[in-house]
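*Asks:* Below are the chains, spelled out letter by letter.
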Amino acid sequence: MKFMTLIIKNLRRNLLRSVLTSAGVMVLVFVITLIWSILGFLDVATSEKTSNFKGIVTEKWSIPSQMPFSYAATLENGAAREDSDVKPIDSMTWQFFIGSTEKGKMGFNSFLFAFCMEPKKLLTMMDELDSLQPGPRAELEKAIHAMEQNRQGIIVGQKRLAALEKKVGDRIKIFGTNYRDIELECEIVGTFPLGRYDNNSCINRDFLNASLDAYQATMKKPHPLANKSMNLVWVKVPDKEKFTKISGQIDNSPMFATPPVKIETASSGVSNFLAAYKDLLTILRWVLAPSIIATLAVVISNAISISVRERRKEMAVLKVIGFQPNQIMFLVLGEAILLGVVAGSISSIGTYFFVNRILGGIPFPIAFFSSFPVLDGALWWGAAIGFATSFAGSILPALSTRSIKVVDVFSKVT
Amino acid sequence: MNVLNDLDLEVPEGQFLALMGPSGSGKTTLLNLIAGLDTPSEGEIWVGDRCVSTMSEAQLARWRNEHVGFVFQFYHLLPVLTAYENVELPLLLLPLSAKKRREQVMTALELVGLTDRNSHIPSQLSGGQQQRVGIARAIVTDPTLIVADEPTGDLDAKSAHEILDLLNILQRSLNKTILMVTHDLRAARRADRIQHLDKGRLVDQPDEALYEAG
Amino acid sequence: MLKLPYAILIGVGIFALFAAVSGLLIWFFWTFINFENAWTLIPGCFAFFALMLLVVYLARIPIGYNIRNLIVRYRTTLLTAVAFTMVIGVLTFLMGFINGLKKLTQSSGNPENVIVLSQGATDEGISNLPFENMGDLAQQDGVVRFNDEPLCSREVYLVLSLPIAEPRPNSPSRRLLQVRGLYDPVASAKVHNFELLPGGEWFSEAGVRPSVDPNKQPLVEVVLGEGIARGLGSDRSEATRLAAKNPDSLEVGDTIQLDTRELLVTGIMKTEGTTFDSEVWAKQSVIGPLLGKSNYTTLVLRATSKEQAQSLEDYFSGKDPANKYEKSQVNALTETNYFKALGETNLQLLIGTMVVAAVMGFGGVMGVMNTMFAAISQRIRDIGMLRLLGFSRWRILVSFLVESLLIALLGGLVGCLIGYMFNGFRVTSIVSSGNGPAGKAVVFRIIVDWGVLGIGLMLSMMMGLVGGLVPALSAMRLKPLESLRG
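Protein chains in written order, with my numbering: chain A, 1 to 414; chain B, 1 to 214; chain C, 1 to 486.
Note that these hints are calculated values from the structure, not bench results. Treat the hints with care, since some could be wrong.
Within a straight-line C-alpha distance of at most 30 angstroms, the following computed BS3-like cross-link-like pairs (lysine-lysine) qualify [to be verified]: (1) K199(B) <-> K479(C); (2) K324(C) <-> K105(A); (3) K105(A) <-> K306(C); (4) K9(A) <-> K319(A); (5) K166(A) <-> K120(A); (6) K479(C) <-> K220(A); (7) K340(C) <-> K103(C); (8) K327(C) <-> K221(A); (9) K103(A) <-> K60(A); (10) K327(C) <-> K103(A); (11) K479(C) <-> K221(A); (12) K479(C) <-> K105(A); (13) K278(A) <-> K103(C); (14) K190(C) <-> K103(C).
Distance ranges between label pairs, derived from CB positions [as the list claims (entries may be wrong)]: (15) A217(A) <-> E166(C): 46 to 56 angstroms; (16) D192(B) <-> Q324(A): 27 to 37 angstroms; (17) Q139(C) <-> F354(A): 53 to 63 angstroms; (18) V12(C) <-> Q324(A): 37 to 47 angstroms; (19) N323(C) <-> E102(A): 16 to 26 angstroms; (20) E102(A) <-> S305(C): 46 to 56 angstroms; (21) P167(C) <-> M255(A): 52 to 62 angstroms; (22) N52(A) <-> R241(C): 34 to 44 angstroms; (23) P260(A) <-> K216(C): 14 to 24 angstroms; (24) R50(B) <-> S403(A): 51 to 61 angstroms; (25) L197(C) <-> M255(A): 42 to 52 angstroms; (26) A239(C) <-> D83(A): 43 to 53 angstroms; (27) N326(A) <-> E103(B): 57 to 67 angstroms.
We put the beta carbon where it would ideally sit given N, CA and C, even for glycine.
Based on the provided sequences and hints, a complete structural model is requested.
*Replies:* In structure tokens:
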């Protein structure tokens with residue numbers, strides 16, 4: 001502990017250098033925290049879970065998948081026909097409605113992407129929304145209730161809402177772009193909590209289906225997409241064994257001939273989709289993050305070797321009064337590591353709270369993810385990176401102090 | 001706080017003046033004022049026909065470069081430059097051709113007897129040799145005034161003797177005005193005139209024992 | 001010793017400078033994304049250095065003094081330069097990536113071609129053009145005639161999710177396959193300016209040919225882009241690859257299993273450097289029904305000139321209400337504009353890169369500041385001496401600034417060199433117009449050209465400037481006498 005005071009005093013002596021070095025550590029740790037959070041999140045999303053995981057049913061060949069809505073009922077049951085067949089725990093259907101609040105035009109301030117689904121499934125099937133804190137959950141429940149009461153209700157993500165320059169309670173008319181000539185007049189009944197769905201919105205599936213029926217009634221012919229309106233069906237299964245069974249039930253069902261369908265685990269679906277981003281992610285993981293860490297080590301190393309060189313005389317004095325070479329070495333190491341760990345922790349913990357609580361996620365649109373949370377690991381990453389880089393950066397200068405000879409230092413005129 | 005009070009000192013051109021006085025007597029302050037490193041709160045300083053005390057900082061810098069040569073106790077050579085380059089430094093600020101600069105540097109080095117050491121860096125030279133480089137640097141711009149602050153303070157007796165010889169030569173053969181601050185009475189005695197300074201005033205009767213002890 | 005309030009003040013000053021220089025940098029990146037002539041940054045960079053040299057000359061500071069000090073403190077110099085090298089290396093690499101992507105979207109578009117999609121569709125994936133409209137859309141003035149027909153390409157664009165027969169561990173089990181079904185491959189090839197590699201041929205009028213095994217369904221004829229031929233080639237198992245004609249790529253005569261049907265490769269297109277590199281082309285009348293898409297998605301018209309293409313775009317999109325296409329509502333874009341929109345991905349990546357570069361640059365700046373502050377405290381006596389000899393404040397400032405710029409130049413040049421080593425690497429990515437989850441998977445090469453190197457070098461100089469300025473200012477403020485005694 002006596003050493004600790006000495007270390008802190010030394011850090012305070014050249015406050016400017018300590019401030020500069022910590023500032024460097026902080027910004028670099030900040031970026032690594034962001035990168036690792038994104039990669040870690042995608043790793044979790046693409047790694048197979050063992051229980052309570054989700055499967056995605058899509059059209060077998062074509063992307064985007066477009067299935068007739070008539071498949072919905074059977075698929076939500078996992079295509080179970082016999083009593084012995086396995087049924088999913090839960091399920092939801094997704095119909096994508098892409099539209100614009102301006103007719104025939106689509107811009108940043110008019111664009112809208114909506115999941116058309118059963119409102120109540122938002123709370124049980126949607127990633128992240130199924131595990132909300134009580135407060136936000138109650139808010140969302142209120143909005144869902146409103147959507148169930150009023151079929152025309154729409155929940156819009158907060159950023160999208162801001163881009164559209166609308167607020168809860170406003171009415172908007174959305175002109176379909178994938179659904180030509182379908183216009184949905186909606187009332188905004190709520191928003192999603194900040195995070196993954198900031199740029200998305202949710203419409204009651206009954207409303208879209210009813211609008212497609214209305215089109216047929218007035219135009220005397222079905223809408224071109226009438227029979228292709230369902231894009232995805234999600235099913236939740238308890239374990240791998242049940243998933244395999246359901247997969248077999250769907251493959252063998254005579255119900256799904258045109259078009260044929262397939263089921264895959266959500267994680268393999270995501271990883272297939274991310275395949276196109278493979279090189280980008282590889283660059284993030286293996287080029288960017290390591291170079292930032294290396295830069296960090298170099299910056300620390302530079303600072304420490306400068307202060308060692310400036311203090312050679314002092315260290316010789318310490319030796320004269322009886323300090324062991326190892327003790328002096330640990331003084332230097334301790335100085336570097338204290339700085340690295342403290343600055344690193346402040347940065348990554350700060351990032352964790354700032355991004356998650358205030359920013360509502362890292363805005364990084366890739367595939368169908370629009371933003372990423374900073375992972376809980378960030379709470380210790382900073383300390384770990386700070387420790388590792390400051391150790392790596394200071395070990396050589398620290399070792400060099402062992403060879404300081406009292407005579408050398410005094411004989412040298414600097 | 002006033003370091004110097006009611007001080008009136010006139011040094012004729014070509015004189016070698018030694019300034020003596022105990023620590024804190026204000027010798028360095030006086031030297032700084034004369035050399036244009038500091039400006040007085042009151043009063044005037046004239047060197048030749050120029051009033052130094054009213055010049056701006058930029059003017060002072062140029063004036064120092066052209067008219068004043070400095071010699072220090074610790075030589076103050078730039079450690080990474082060779083003897084030649086150290087001497088050349090002040091010339092870089094003057095509009096001289098490379099050839100002319102070389103001539104002047106070699107002349108100065110010749111004067112101090114170091115032409116054979118011109119490519120050595122300071123750490124390869126002895127204390128006396130470094131001080132001679134310092135003197136060469138002081139005279140390379142051919143200044144009228146040479147200001148020396150304890151030029152022998154860090155040297156052994158033999159080297160100190162050589163340096164003082166050199167200063168005498170400069171004064172006599174080149175007609176330089178030399179102002180030297182020193183603690184060393186033996187050094188001071190090489191000058192034409194000795195002025196004593198005590199508590200910011202010029203005094204006539206110094207306590208010589210003080211210097212002998214120092 | 002530095003007092004805390006002073007340290008805070010300096011901190012604030014540093015951040016302000018940092019903000020100013022980030023602004024400058026954003027401007028550089030802006031030059032890069034908007035102007036073709038990013039290479040002008042190289043002369044810009046040299047002009048910057050020439051300016052510095054001129055200032056050095058005027059300051060009469062012996063530059064050898066700075067260089068020798070850098071050599072004497074070689075360890076610190078190298079450590080600082082290494083930090084610069086990493087930052088600039090990563091930056092040039094990332095910019096090379098974006099540059100490759102940008103060149104790809106640029107060279108994919110032919111300014112004389114007009115892409116017609118259904119109204120509201122900005123991406124082929126969600127476009128839907130009814131069969132019956134196609135003829136009339138093509139019969140417009142200003143469209144090149146070929147064999148007495150309008151020269152156009154009628155296409156259906158589909159994305160398939162093809163299972164990989166023997167996926168390797170830890171890699172995806174499916175591959176996204178972008179398929180383009182064509183009405184007439186010869187006309188389409190002419191519109192898009194593609195040729196087949198020697199030994200290949202376009203698919204036949206029928207689009208299928210009988211299998212040698214009479215019990216099997218006929219083979220679907222396809223032509224591959226070079227990129228996808230390589231991609232599909234690499235999806236094969238080790239054993240299959242070694243037994244194949246070409247272990248690295250599919251060749252004419254190879255087959256691809258698509259559910260119960262087999263696709264036969266009849267040709268490989270020279271598509272390198274375009275988005276079509278990742279596409280599989282087949283006969284629309286075969287592939288459309290097979291994959292359940294009966295309509296067309298895309299019509300590409302070849303106009304007689306660039307200007308004509310632009311006026312066709314205006315005509316179809318109804319820019320002028322008095323003179324617009326009335327028969328159906330479509331979204332038309334010249335290919336140049338279409339691919340510019342697809343290039344929006346570049347902008348996203350670019351913003352990401354700028355953030356990363358700015359942050360890493362900040363780290364580098366902290367490093368060089370430490371170095372320069374230390375250099376100054378080590379050389380306080382030198383500074384005092386120089387001041388006494390008549391070197392005025394600004395000359396001292398320049399001297400130390402030049403020193404940090406020299407470190408920056410050294411680190412930056414090596415960084416550029418490292419970035420340049422990645423020039424030509426083949427990578428995959430996705431381009432999209434930013435709306436919705438649609439996009440095109442593409443293969444391209446990293447291009448580290450003069451523009452990228454110019455940006456790298458310029459950033460390095462900026463870092464050196466910022467990192468050197470604050471310490472140099474503090475050196476300038478030193479009082480000559482105090483520093484001699486210090």
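*Asks:* With reference to the structure, classify each hint as holding or not holding.
*Replies:* Hints versus structure:
Distance check on the hinted pair: K199(B) and K479(C) sit about 25 angstroms apart at the alpha-carbon level, within 30 angstroms; holds. Taking the CA atoms of K324(C) and K105(A), the gap is near 16 angstroms; set against the 30 angstroms cutoff, the hint holds. For the hint linking K105(A) to K306(C), the alpha-carbon distance of about 24 angstroms falls within 30 angstroms, and the restraint holds. Simply put, K9(A) and K319(A) have alpha-carbon atoms about 18 angstroms apart, close enough for the 30 angstroms limit, and the pair holds.
Annotation: proposed proximity of K166(A) to K120(A) holds, straight-line Cα distance about 24 angstroms (limit 30 angstroms). As the CA atoms of K479(C) and K220(A) are separated by approximately 92 angstroms, the hinted pair breaks the 30 angstroms bound. Taking the CA atoms of K340(C) and K103(C), the gap is near 11 angstroms; set against the 30 angstroms cutoff, the hint holds. Between K327(C) and K221(A) the CA atoms are separated by roughly 19 angstroms; this keeps the pair inside 30 angstroms, and the hint holds.
Only pairs whose Cα atoms come within 30 angstroms are accepted, and K103(A) paired with K60(A) is rejected, the gap being roughly 33 angstroms. Distance check on the hinted pair: K327(C) and K103(A) sit about 18 angstroms apart at the alpha-carbon level, within 30 angstroms; holds. For the hint linking K479(C) to K221(A), the alpha-carbon distance of about 90 angstroms lies beyond 30 angstroms, and the restraint is violated. Restraint check for K479(C) and K105(A): not satisfied, since their Cα atoms lie roughly 66 angstroms apart, outside the 30 angstroms limit.
For the given pair, K278(A) sits about 20 angstroms from K103(C) by alpha-carbon distance, which is consistent with the 30 angstroms threshold. About 22 angstroms separates the Cα atoms of K190(C) and K103(C), which keeps this hinted pair within 30 angstroms; it holds. At about 51 angstroms, the beta-carbon gap between A217(A) and E166(C) stays in the expected band of 46 to 56 angstroms. Evaluation of the 27 to 37 angstroms hint for D192(B) and Q324(A) yields a failure: the beta carbon distance comes to about 60 angstroms.
In this structure the supplied range 53 to 63 angstroms holds for Q139(C) paired with F354(A), their Cβ-Cβ distance being about 59 angstroms. Separated by about 42 angstroms at the C-beta atoms, V12(C) and Q324(A) satisfy the suggested range of 37 to 47 angstroms. At roughly 23 angstroms, the beta carbons of N323(C) and E102(A) sit within the given window of 16 to 26 angstroms. In this structure the hint that E102(A) and S305(C) lie 46 to 56 angstroms apart at CB is violated, the actual value being about 32 angstroms.
A hinted range of 52 to 62 angstroms is violated for the C-beta pair P167(C) and M255(A), which are about 28 angstroms apart. Checked against the hint of 34 to 44 angstroms, the C-beta distance between N52(A) and R241(C) comes to roughly 39 angstroms, which is consistent with it. The given range of 14 to 24 angstroms is respected by P260(A) and K216(C), whose C-beta atoms sit roughly 20 angstroms from each other. Hint check: R50(B) to S403(A), Cβ distance near 55 angstroms, so the stated range 51 to 61 angstroms holds.
Taking the beta carbon of each, L197(C) and M255(A) are about 45 angstroms apart, inside 42 to 52 angstroms as hinted. Taken as a hint, the range 43 to 53 angstroms holds for the pair A239(C) and D83(A), whose Cβ atoms sit roughly 45 angstroms apart. Look at N326(A) against E103(B): about 58 angstroms separates their beta carbons, and that is inside 57 to 67 angstroms.
Going down the numbered hints, you'll see the structure goes against 6, 9, 11, 12, 16, 20 and 21, while the others check out.
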